[in-house]
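Take the sequences, apply the hints, and build the full model.
If you're matching them up, the sequences are chains E and Z in order.
1 is the number of the first residue of the first sequence in the working numbering; add one for each residue after it.
1 is the number of the first residue of the second sequence in the working numbering; add one for each residue after it.
If you're looking for bench data, these hints aren't it; they were derived computationally from the structure.
Backbone N, C-alpha and C fix where the C-beta goes; we use that ideal spot for every residue, glycine too.
Errors might be hidden in some of the hints.
[Said to hold, decoys possible] Quick list of the computed label-pair ranges, beta carbon to beta carbon: (1) E/E15 <-> Z/S80: 46 to 54 Å; (2) E/I44 <-> Z/I12: 40 to 48 Å; (3) E/R58 <-> Z/G3: 19 to 27 Å; (4) E/G1 <-> Z/E54: 19 to 27 Å; (5) Z/S80 <-> E/E67: 44 to 52 Å; (6) E/A17 <-> Z/G52: 44 to 52 Å; (7) Z/R22 <-> E/N30: 23 to 31 Å; (8) Z/P8 <-> E/T20: 33 to 41 Å; (9) Z/P70 <-> E/D92: 23 to 31 Å; (10) Z/L61 <-> E/D92: 31 to 39 Å; (11) E/I2 <-> Z/S80: 26 to 34 Å.
As a plain string of letters, each chain reads:
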Amino acid sequence: GIQVEQSPPDLILQEGANSTLRCNFSDSVNNLQWFHQNPWGQLINLFYIPSGTKQNGRLSATTVATERYSLLYISSSQTTDSGVYFCAVVPDYKLSFGAGTTVTVRA
Amino acid sequence: DSGVTQTPKHLITATGQRVTLRCSPRSGDLSVYWYQQSLDQGLQFLIQYYNGEERAKGNILERFSAQQFPDLHSELNLSSLELGDSALYFCASSPRDYNTGELFFGEGSRLTVL
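Take a look at the structure:
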């Protein structure tokens with residue numbers, strides 16, 4: 001099956017800092033989503049981005065499908081950004097998740 | 001709020017018991033997906049239904065079963081529960097089939113098996 005690798009596995013940020021999370025995938029995909037799982041366990045949709053670039057407030061994402069990677073940018077991080085960020089892709093019929101990047105933002 | 005409703009939010013039960021988790025998809029969505037999140041396995045796809053029909057199966061145990069009803073809500077039945085079944089169970093929905101388009105997840109049902 002497809003391999004979805006996220007890096008770094010853990011990230012500690014000072015409030016106000018910027019960061020980039022990466023997602024590499026081993027095969028072509030039809031769908032790519034970024035999610036934020038907050039400390040209460042909720043999976044929140046961030047981006048649906050099979051290709052191209054999107055921005056939503058302090059977050060933006062870029063997917064280069066031909067090179068099989070996606071990037072999630074967090075700018076001016078806030079403590080509420082803490083949690084686990086998942087990349088998930090659909091090569092066939094199911095959404096396959098990476099292991100996630102755990103982000104901790106310190107005040 | 002994603003629009004996907006899952007009940008119950010928390011459930012504590014004993015080994016050998018049976019539980020039913022319920023999911024109501026977003027209005028207009030025909031596909032329902034079930035995922036399991038455990039500490040050692042991450043987020044794993046279990047099963048998908050589209051407009052009442054089973055469409056795809058993932059790593060779903062034989063002790064588990066699911067169905068989607070005519071009103072499009074879905075239920076996941078877990079029987080002969082084991083300690084290792086303790087996990088967060090998510091339901092997701094989308095308007096289309098086969099995981100095309102954006103999926104939206106419910107808040108999950110946290111199952112603890114003692």
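Checklist entry - Broken hints, numbered, in rising order? => result Hint check: 2, 10 fail, others pass.
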